[in-house]
Amino acid sequence: MRRTMLFLPGNNPNMIVNGGLLGSDSIILDLEDAVSPDNKDAARNLVAQTLKSLKFPGCEVIVRLNGLDTPYWKDDLKKIIPLKPDVVMPTKVSGKEYIETLDAAMTEIEEENGIPVGTVKILALIETAAGVEHAYDIACASKRMTGVFLGAEDLTADLRCARTKEGGEIAYARGRLVCAARAAGIDAYDCPFTDVEDTEGLEKDTRLAKSLGFSGKAAINPRQVDCINQVFSPTAAEIEYAKEVFKAIEEGKKQGKGAVSLRGKMIDAPIVSRAATVLDMAEKLGGGIPE
Amino acid sequence: MSKLVSSIQEAIEKSGLKSGMCISFHHHLRGGDYVLNMVMQAIADMGIRDLTVNASSLFDCHMPLMDHIRNGVVTGLETDYVSGGIGRELSAGILPKPVVFRTHGLRPSDIATGKSHIDVAFLAAPTSDEMGNCTGKCGPSACGSLGYAMADAMYADKTVIITDNLVPYPLEKQSITEDYVDYVVKVDSIGDPKGIVSGTTRMPKDPVALRIAAYAAKAIEASGLLKDGFSFQTGAGGASLAAASYLKDIMLKKGIKGSFALGGITGYLVEMMESGCFEYLQDVQCFDLKAVDSINRDPRHIEISALHYAGPTAKSTAAQALDVVVLGATQMDVNFNVNVHTNSSGYIMGGSGGHTDVAACAKMTMIVAPLSRARMSLVVDRVNCISTPGSSVDVLVTQYGVTVNPARTDLLERFKEWKLPVYDIHELKEIADGLNGMPDPNPNRGDRVVAEVLDRDGSILDRIYQVL
Numbered sequence: 001m002r003r004t005m006l007f008l009p010g011n012n013p014n015m016i017v018n019g020g021l022l023g024s025d026s027i028i029l030d031l032e033d034a035v036s037p038d039n040k041d042a043a044r045n046l047v048a049q050t051l052k053s054l055k056f057p058g059c060e061v062i063v064r065l066n067g068l069d070t071p072y073w074k075d076d077l078k079k080i081i082p083l084k085p086d087v088v089m090p091t092k093v094s095g096k097e098y099i100e101t102l103d104a105a106m107t108e109i110e111e112e113n114g115i116p117v118g119t120v121k122i123l124a125l126i127e128t129a130a131g132v133e134h135a136y137d138i139a140c141a142s143k144r145m146t147g148v149f150l151g152a153e154d155l156t157a158d159l160r161c162a163r164t165k166e167g168g169e170i171a172y173a174r175g176r177l178v179c180a181a182r183a184a185g186i187d188a189y190d191c192p193f194t195d196v197e198d199t200e201g202l203e204k205d206t207r208l209a210k211s212l213g214f215s216g217k218a219a220i221n222p223r224q225v226d227c228i229n230q231v232f233s234p235t236a237a238e239i240e241y242a243k244e245v246f247k248a249i250e251e252g253k254k255q256g257k258g259a260v261s262l263r264g265k266m267i268d269a270p271i272v273s274r275a276a277t278v279l280d281m282a283e284k285l286g287g288g289i290p291e
Numbered sequence: 001m002s003k004l005v006s007s008i009q010e011a012i013e014k015s016g017l018k019s020g021m022c023i024s025f026h027h028h029l030r031g032g033d034y035v036l037n038m039v040m041q042a043i044a045d046m047g048i049r050d051l052t053v054n055a056s057s058l059f060d061c062h063m064p065l066m067d068h069i070r071n072g073v074v075t076g077l078e079t080d081y082v083s084g085g086i087g088r089e090l091s092a093g094i095l096p097k098p099v100v101f102r103t104h105g106l107r108p109s110d111i112a113t114g115k116s117h118i119d120v121a122f123l124a125a126p127t128s129d130e131m132g133n134c135t136g137k138c139g140p141s142a143c144g145s146l147g148y149a150m151a152d153a154m155y156a157d158k159t160v161i162i163t164d165n166l167v168p169y170p171l172e173k174q175s176i177t178e179d180y181v182d183y184v185v186k187v188d189s190i191g192d193p194k195g196i197v198s199g200t201t202r203m204p205k206d207p208v209a210l211r212i213a214a215y216a217a218k219a220i221e222a223s224g225l226l227k228d229g230f231s232f233q234t235g236a237g238g239a240s241l242a243a244a245s246y247l248k249d250i251m252l253k254k255g256i257k258g259s260f261a262l263g264g265i266t267g268y269l270v271e272m273m274e275s276g277c278f279e280y281l282q283d284v285q286c287f288d289l290k291a292v293d294s295i296n297r298d299p300r301h302i303e304i305s306a307l308h309y310a311g312p313t314a315k316s317t318a319a320q321a322l323d324v325v326v327l328g329a330t331q332m333d334v335n336f337n338v339n340v341h342t343n344s345s346g347y348i349m350g351g352s353g354g355h356t357d358v359a360a361c362a363k364m365t366m367i368v369a370p371l372s373r374a375r376m377s378l379v380v381d382r383v384n385c386i387s388t389p390g391s392s393v394d395v396l397v398t399q400y401g402v403t404v405n406p407a408r409t410d411l412l413e414r415f416k417e418w419k420l421p422v423y424d425i426h427e428l429k430e431i432a433d434g435l436n437g438m439p440d441p442n443p444n445r446g447d448r449v450v451a452e453v454l455d456r457d458g459s460i461l462d463r464i465y466q467v468l
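So the sequences go chain by chain: H and U.
For the first sequence, the tail end lands on 291 under our numbering, and the numbers increase by one without skipping.
For the second sequence, the tail end lands on 468 under our numbering, and the numbers increase by one without skipping.
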C-alpha cells in the first residue's frame with residue numbers, strides 16, 4: 001500500500017527524523033533536486049546514516065537517486081544499496097536501457113555485500129516525453145520494478161507547455177502511465193500537486209488521479225498527506241460492498257451455485273479482485289489518523 | 001473628592017510606602033509594560049530600599065528591575081512566571097534569597113488569606129476614571145481582562161491605579177471598582193501596544209506540531225468527555241492552538257455545543273465561540289487583539305479574576321469545572337512530572353502560570369509537546385524542576401501518539417479502542433535517548449537555591465538551583 005509518498009530533502013535531519021511519523025505510507029529521501037550540488041555528499045551521508053540507525057515502522061523508505069546523466073549516481077548507489085532501502089527511485093527514466101544499467105549496478109553491489117539480488121526495488125520516475133512513450137518497456141525492464149511515477153513539472157518543460165492545475169496537458173501521460181503499469185502488473189503513482197496552500201485543489205487533483213487508476217500520489221508537504229490518504233483509502237461504503245461480495249460468494253458456494261450475483265450484478269473475477277484489494281487496504285488501515 | 005494625584009512619586013509618598021515593604025504589579029501589559037519600570041525608578045529615586053516585589057509575571061521588558069535588585073532596592077521577589085532574560089539573571093543568583101514561585105491560582109489565594117501581604121499595589125489600567133473605576137477592555141493600551149490585578153486591588157493595604165486614558169466619572173465598564181482604590185495617576189503612556197498583545201495568534205505550519213495536534217484532538221474525542229456542555233482550556237503555543245483547531249472541526253462536524261472555554265483567551269477561542277463551539281469564554285487574560293476586541297463588545301466573553309479562575313482557597317473556581325486542558329511542557333519525566341520553569345541547562349525560563357492549577361482541576365490534563373527539541377529529549381528520568389506534579393497529568397501527546405499515566409487505565413482503554421498509537425512513557429524515553437543520546441545532567445548546577453516553587457497548597461514542590 002503506497003497511497004502517499006512524501007518527499008523529504010535528504011539533507012534536512014529535522015525533517016528526516018520525524019519523516020516516518022507524518023502519516024505517509026512511504027517517504028522519499030531525496031538526493032536529487034532538493035539537494036544542491038555542493039551538498040550532495042552531505043545528503044548522501046545523512047541518508048546513509050538514517051538508513052543505518054533510524055526505524056520507520058509502518059513506513060516504506062524510498063531513496064531518490066541522482067540521474068544517470070550526473071556524476072553522482074554511482075556514489076549514491078555504493079553508499080545506499082548496502083543499507084537496503086525498500087526502494088530506489090531513478091529520475092528522468094527515458095527507456096528500458098536506463099533501468100537495465102541501473103539494475104546491473106545494483107545487482108553488483110548487492111552481490112558484493114551478500115544481499116539477495118533483487119532485494120531493493122525500483123520505482124521509476126518518468127518525466128520526459130521519451131519516458132512516457134516507452135513507459136511499458138520501462139515497466140517491464142526489471143523484476144525490481146514496483147511502480148512508475150509521473151513527474152509532471154519536468155515533463156511539461158520537455159513538452160514545451162505550461163503546467164496547469166487542471167492538468168489537461170498531462171492527461172495523455174497520466175493515462176499512458178497507468179495503462180503501461182497495469183499491463184506490466186505494477187503500480188502507477190501520480191505527480192505531486194505543487195500549490196500547498198490550495199487544499200481544495202489538492203483534493204480535486206487527487207480524486208482525479210484515483211479515478212484514472214493511479215494507486216497513490218506523491219506529496220511535497222506533510223500537510224498534503226492526510227488529504228491524499230483519505231482519497232486513496234476505501235470508503236465505508238466500499239468496504240461494506242466488498243464484504244457483501246465475499247458473503248455472497250460464500251452463500252453461493254453453500255447453495256452449489258456456479259454463478260453468483262449481488263445487487264442485480266454478476267460477481268465476476270474483476271469484482272472479486274477489487275473487493276479483495278479494498279478489504280486488504282481496510283485491514284492495513286487499522287486506525288490512527290486520518291479516519 | 002478626587003483620588004487623582006499628580007505623579008507616581010506623589011502616589012508613592014501618599015501610600016506610605018517604606019523600606020522593607022511589599023509592592024505588587026500585574027502582567028496584563030505583558031512585554032509592552034512601562035508601569036513596573038516607571039514605579040521602580042521613582043521608588044529608587046526616593047531612596048526606598050529592601051522591598052519585596054510581588055509581580056504576577058515578569059517579562060524581559062522588566063530587565064531594569066535586575067539593576068534594582070543589584071543595588072538593594074529590591075531584595076525579595078515573588079512571581080508566577082518570568083521570561084528567559086530575567087530568568088537567566090535570577091539563575092545566576094543575583095538575589096540573596098530565593099525567588100518564590102507561585103501558581104496563578106495560589107497567588108491570589110495567598111493574597112486574599114494574608115499569607116502574602118501586599119502593602120501597596122501599583123496597577124496599570126488601560127482606562128480609568130478619577131475615582132479608580134477601571135478596566136483593560138478599552139483605551140489606547142487596551143489589554144482585555146484585568147483578572148490578575150483584582151486580588152491585588154482588593155487586598156493590598158493601598159491600591160494605586162496608573163492609567164494613560166482618564167475618562168469622566170463614572171466609567172461604564174468596571175473591572176476594578178473605586179471602593180478598592182486609594183489613588184489614581186495619569187501618565188503619558190502605560191505601555192507599548194505592540195508588546196501588550198500580539199496582532200494575531202497564528203496557526204503553526206510545522207508538520208510535527210500539526211501531527212501532535214491531530215492526535216491530541218482525536219484523544220479528546222476518544223476520552224468520552226467531548227459532548228454537549230464540554231469545557232476546555234488550551235494555551236497559545238503552536239501545538240495547543242492547532243489542537244484547538246482540529247477540535248473545532250470535530251465539534252462542528254458532530255454538532256457538539258460546549259459550555260465554555262477558559263483561561264488565557266486567544267482569537268482562536270473567540271472564533272470557536274462565535275462559530276458555536278462554546279456558549280461562553282471565561283477570560284482571566286487576553287493574548288491577542290481579537291480577544292481584546294471580543295471581551296469589549298461580546299457579553300458572552302466574561303472577565304474573571306485569578307481567584308475565580310483557579311484559586312485553591314476559593315469556594316469554587318472555573319478551573320474545577322474544566323473537562324479538558326491542553327498544556328505544554330519543556331520537560332516531562334517518567335513519573336509524568338512536568339517542568340515549565342527551567343530549560344535543559346537549568347536556567348529559569350518560565351513558570352507555572354496556571355499550568356499547575358488547571359492540571360490539578362481538569363478531568364483530563366493533556367500535555368502536548370514534540371519528543372525532541374533541538375536534540376534535547378522531552379522525556380527524562382527526573383525533570384530539572386517539578387512545576388506540575390505527575391499526579392495531575394493524565395496524558396502526554398507527542399508526534400508518536402499518546403502516552404497515558406498508569407493511574408488512568410480508563411483512558412488507556414479508550415485510546416486503544418480508538419486505535420490511537422499508544423506508547424509507554426519508558427518506551428518513549430528510549431526512543432528519545434536513541435535519537436538524542438544522553439546529556440550530562442545539570443553540568444553547571446551550583447549548591448545555592450535561587451528559587452522555591454510552591455505547590456497549590458503552599459508547600460514547597462521543588463527548588464531551583466543556581467547555574468554557575
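Read the hints as simulated data drawn from the structure, not as lab findings.
Errors might be hidden in some of the hints.
To be verified - Cut-off 20 Å, straight-line C-alpha distance, at most; resulting in silico cross-link-like pairs (SDA-like, lysine to any residue):
(1) Lys52/H - Val17/H
(2) Lys205/U - Leu285/H
(3) Lys419/U - Glu200/H
(4) Lys419/U - Pro57/H
(5) Lys253/U - Glu203/H
(6) Lys419/U - Met281/H
(7) Lys419/U - Gln230/H
(8) Lys416/U - Arg223/H
(9) Lys52/H - Ala321/U
(10) Lys55/H - Arg375/U
(11) Lys205/U - Gly58/H
(12) Lys416/U - Gly58/H
(13) Lys55/H - Lys205/U
(14) Lys55/H - Glu427/U
(15) Lys52/H - Ile431/U
(16) Lys55/H - Lys248/U
(17) Lys55/H - Asn436/U
(18) Lys284/H - Lys419/U
(19) Lys253/U - Phe56/H
(20) Lys205/U - Lys284/H
(21) Lys416/U - Asp198/H
(22) Lys419/U - Val17/H
(23) Lys52/H - Lys248/U
(24) Lys205/U - Glu197/H
(25) Lys284/H - Ala112/U
(26) Lys205/U - Pro13/H
(27) Lys55/H - Pro421/U
(28) Lys419/U - Ile239/H
(29) Lys205/U - Glu203/H
(30) Lys254/U - Ala236/H
(31) Lys248/U - Asp195/H
(32) Lys253/U - Ala236/H
(33) Lys52/H - Lys419/U
(34) Lys416/U - Val17/H
(35) Lys52/H - Lys253/U
(36) Lys55/H - Asp433/U
(37) Lys205/U - Met281/H
Outcome of the hint check:
| no. | hint | result |
| --- | --- | --- |
| 1 | Lys52/H - Val17/H | 13 Å, holds |
| 2 | Lys205/U - Leu285/H | 26 Å, violated |
| 3 | Lys419/U - Glu200/H | 28 Å, violated |
| 4 | Lys419/U - Pro57/H | 16 Å, holds |
| 5 | Lys253/U - Glu203/H | 19 Å, holds |
| 6 | Lys419/U - Met281/H | 16 Å, holds |
| 7 | Lys419/U - Gln230/H | 17 Å, holds |
| 8 | Lys416/U - Arg223/H | 25 Å, violated |
| 9 | Lys52/H - Ala321/U | 50 Å, violated |
| 10 | Lys55/H - Arg375/U | 17 Å, holds |
| 11 | Lys205/U - Gly58/H | 24 Å, violated |
| 12 | Lys416/U - Gly58/H | 18 Å, holds |
| 13 | Lys55/H - Lys205/U | 25 Å, violated |
| 14 | Lys55/H - Glu427/U | 14 Å, holds |
| 15 | Lys52/H - Ile431/U | 15 Å, holds |
| 16 | Lys55/H - Lys248/U | 34 Å, violated |
| 17 | Lys55/H - Asn436/U | 14 Å, holds |
| 18 | Lys284/H - Lys419/U | 12 Å, holds |
| 19 | Lys253/U - Phe56/H | 33 Å, violated |
| 20 | Lys205/U - Lys284/H | 29 Å, violated |
| 21 | Lys416/U - Asp198/H | 34 Å, violated |
| 22 | Lys419/U - Val17/H | 23 Å, violated |
| 23 | Lys52/H - Lys248/U | 41 Å, violated |
| 24 | Lys205/U - Glu197/H | 11 Å, holds |
| 25 | Lys284/H - Ala112/U | 58 Å, violated |
| 26 | Lys205/U - Pro13/H | 18 Å, holds |
| 27 | Lys55/H - Pro421/U | 16 Å, holds |
| 28 | Lys419/U - Ile239/H | 18 Å, holds |
| 29 | Lys205/U - Glu203/H | 19 Å, holds |
| 30 | Lys254/U - Ala236/H | 18 Å, holds |
| 31 | Lys248/U - Asp195/H | 25 Å, violated |
| 32 | Lys253/U - Ala236/H | 17 Å, holds |
| 33 | Lys52/H - Lys419/U | 30 Å, violated |
| 34 | Lys416/U - Val17/H | 25 Å, violated |
| 35 | Lys52/H - Lys253/U | 43 Å, violated |
| 36 | Lys55/H - Asp433/U | 14 Å, holds |
| 37 | Lys205/U - Met281/H | 29 Å, violated |
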